[in-house]
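First to last, the sequence lines map onto chains D and E. For the first sequence, the working numbering begins at 1 and goes up steadily by one. For the second sequence, the working numbering begins at 1 and goes up steadily by one.
Don't read these hints as lab results, they were simulated from the structure. Keep in mind that a hint or two might mislead.
Facing chain D, from chain E, some residues (calculated, C-beta under 8 Å) [said to hold, decoys possible]:
#1 Pro178
#2 Gly182
#3 Trp214
#4 Lys295
#5 Ser297
#6 Met341
Taking lysine-lysine and the BS3-like style, the derived pairs with C-alpha atoms no more than 27 Å apart in a straight line are [unchecked claim]:
#7 D/Lys251 to D/Lys292
#8 D/Lys186 to E/Lys323
#9 E/Lys162 to D/Lys358
Beyond 10 Å from chain E on every Cβ pair, some chain D residues (computed) [as the list claims (entries may be wrong)]:
#10 Met113
#11 Gly143
#12 Ala208
#13 Ala269
#14 Lys278
#15 Thr335
#16 Glu354
#17 Arg356
#18 Lys358
The beta-carbon is built from N, C-alpha and C at its ideal position, and this holds for glycine as well.
2 protein chains.
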Amino acid sequence: MDRRKFLKNAGLASGTAAATVIGAPAIAEAKTRWIAVSAFGKAGLLGQALSDFARFVGTASGGKLTIKVFHAGELVKPLEAMDAVLQGTAQMGYGAPYYWAGKSSAISFVAAMPYGLNAQEQNAWLYYGGGIEQADKIYNSLGLKFLPLGNTGNQMGGWYRKQINSVADLKGLKFRMPGLGGEILKTFGVNVVLLPGKDVLSSLTTGAIDGTEWIGPAADLGKGLFRVCNNYYYPGWHEPATVLDAFFDKKAYEALSPELRDIVVRGAAATNLFVLSKFQAANNTAMQKLIKEHKVSVRKYSDELLSAIGSRAAEVLPELAAKSPEGREIYEHITNFRRTMIDWSGYSEQAFLENRGKAKL
Amino acid sequence: MDRRKFLKNAGLASGTAAATVIGAPAIAEAKTRWIAVSAFGKAGLLGQALSDFARFVGTASGGKLTIKVFHAGELVKPLEAMDAVLQGTAQMGYGAPYYWAGKSSAISFVAAMPYGLNAQEQNAWLYYGGGIEQADKIYNSLGLKFLPLGNTGNQMGGWYRKQINSVADLKGLKFRMPGLGGEILKTFGVNVVLLPGKDVLSSLTTGAIDGTEWIGPAADLGKGLFRVCNNYYYPGWHEPATVLDAFFDKKAYEALSPELRDIVVRGAAATNLFVLSKFQAANNTAMQKLIKEHKVSVRKYSDELLSAIGSRAAEVLPELAAKSPEGREIYEHITNFRRTMIDWSGYSEQAFLENRGKAKL
C-alpha cells in the first residue's frame, strides 16, 4: 500500500508514533500521537462517530493525546484494521468484533449473540456485569485493549427476494449473514455467503445471493437494498444488538496517564450512547420511507421459524463457543447474565412496550 | 443553614465562585470552581454517579474546571437544589425534573411521560430528536442550562398493601406518586400523596398511605418497602423511563470555554449511560431476592386497569400540558417523537423480547 509506505517513511505510522514527545521545558507536557484505522467509511454514521470521538479526545486532553483517523480504505482496507494495530501501523482500530473472527473464534460473542442481549442489557453487561473484562480476556490475548464504541441496537432480520415462511424455505438459500447467526443458518442448509458491504447490492442484483441481512432501516435505506428485495423481515434474532469495538494497542493504551485513559474511556462511553441514540432516532423515519415510498413488505418471521432457529441456536452456540477456552468462558458469562436479565426485561421493557399503545397520545 | 453561611463567608458559595482565577503567568490558565448541590444522598447509586462525574470533569480538564459536590442535606435540603442554583449558591444542581414542578408546570414532561418513551427512545429523543433543545426552552427560561445525567430505565408500577385489580379498587386509595402519573390517578379518586423519600417507609408502616411507587427493584429493595407491602405491580406505566437532570447556571455554563463545555457534555453523556446500565445490571438480582427471600408477590396490572388509565392519560396529559405554552410545545414534541418510534420499537425491541425465550440458552 502506497499510502502506508508513505506514512511509514514519514515516521507517522511506525510503532514509535505512540511514543511521547517532550515539549518545551516551560510547558513540560508529554504529547502522544495515535493513528486510528477504521473498518467504516468516513461519511456514514460510524465514520462520523469515530471522527467526533477523536476530536473530543484531542480537545479534552488539551492536545496531550491526539488521534489521527484514517477511515476505511484511507490507509488500509476495512477488514485490515486489526492487522494494522497488531503490526504497529496504528494504535487504535474501529469495527465490529465479528470482523476479526479470523483472529479469535471467541470474539464474535463480544459483538452480538443470537437470541442474546438487547442494547440496554448489553451495556449493563459491559459496564457493570463484567463484560468489558470478559471481552478483554480475548483482546488482551491478542495484545489489545477493548472498549465499546457504539451499538446498532436491535437489527432487522434481513432482506429476501422471496418470502421465507418455513424451515423448508431455508434449504439452498444463498444468504449473506456474518457472525454467529450465519453459523446457525448453515445447519438448515443455507448457503451462507460472506461479502464485503460494497458488494452486497451488486450480488443481489445479479442473483449471486438471494438475500442479505444488513443493519436496520436507517442504514439499509441508504444502501438501497429495497431496489432488489421486497421482503424485509423482523425481528433481528441474529443480532439483537451489536457492539462496535474500539481496540487499542495494549502497550500504547497502558502508557497513557490515568487522566488520558479517563478521557478515552468516558469519551468512548459517550460515543457508545450517541451512536445507539442516533440509529434509533433515524430508524423509524427510514422504516416509514421504506414502506410508504418504496413499497417494501415488512414481514414477521413465522413462529415456526423463530422456534426452529431458536432451538438450533441452543445447540450450535455452545459448540461454537467450545472451540476455545475463551469462547467457553465468555459464552457462559453472557448466558448467565442473560438469565439474570430475562425476567427483569419481561417485567419492565417488554410489558411496557406491549401495553403502551393503550394510551392514544 | 449554618453550613451555607459558613461557605458563603468563606467565599466558596457565592455567585462569584464561578468567576475565573488567573494562575501564575508561566502557566496562564484560567481556573473555574463550581459548587454542585444534589437532591440525592451521597451513598446511593445517584450520589456516586454525581461524585464520579465531578471527579472526571476535574481530572479531564487538568483542574481548569473543578466541581465541589454537596449531596442531599450537606449544603441545602434535597428539594432546594434548584433554588440554590437560582440564588447563585451553586453553579450546578442534580435531581429529577419533576422535583422542580413548582418552578414550571412543563418541566415534569422532561422527566418521564406516562405511556411515553422508554430509556432508549428517550435518549434518542434527547440527543438526536431535539429533546435537549426542547428541555432547554424550559430550563433557559429559568436562567438554567439542562443536560441529562442518568436514567432509571423502566420503573416498577409500585407497592400496594392490598391487591389492585380494577378501577373500583383505586377509589379512596392513599397512594404516593409524584409527577404526571399522580395527576392521572387523582382523576380516579386516588388520594395522591407527595412525600419526601425518607418518610415513605414510616408512612406505609403507620397506614398513613396504602401504597407507593418508588423506582425499581434495586432501589426498592434497599429502601425496605417489602417489609410493609407484599404486592409489587408492573409495568411502570407512569414512568417508562425517568431522566435525571443536571442543571447549570446558564451564565456560568456559557462562560466555559468550548473545550470545557465539551468535557462537561461528554462526561454527562457517559454518566447518563453508566447510571442506566448500573440500574439495569442490579435490577434483576434484586427482583429475585424480593421474590425468593422476601416472598413478594409480583403482579401485573390488569388489562382493564392499564386500558382505563391509558385512556385517561390521553385526556389528562394534554390538559396538564396546556397550562403553559412551553408545556404545550414539549408535549407535542414528545408525542410526535413517540409516534415516530412506536412502530420501530414494535418491529425491533418488542418483537425481539417476545421471541427471545424460544432459545433456551
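Checking against the hints above, which ones are violated?
1, 2, 3, 4, 5, 7, 8, 10, 13, 14, 15, 16, 17, 18
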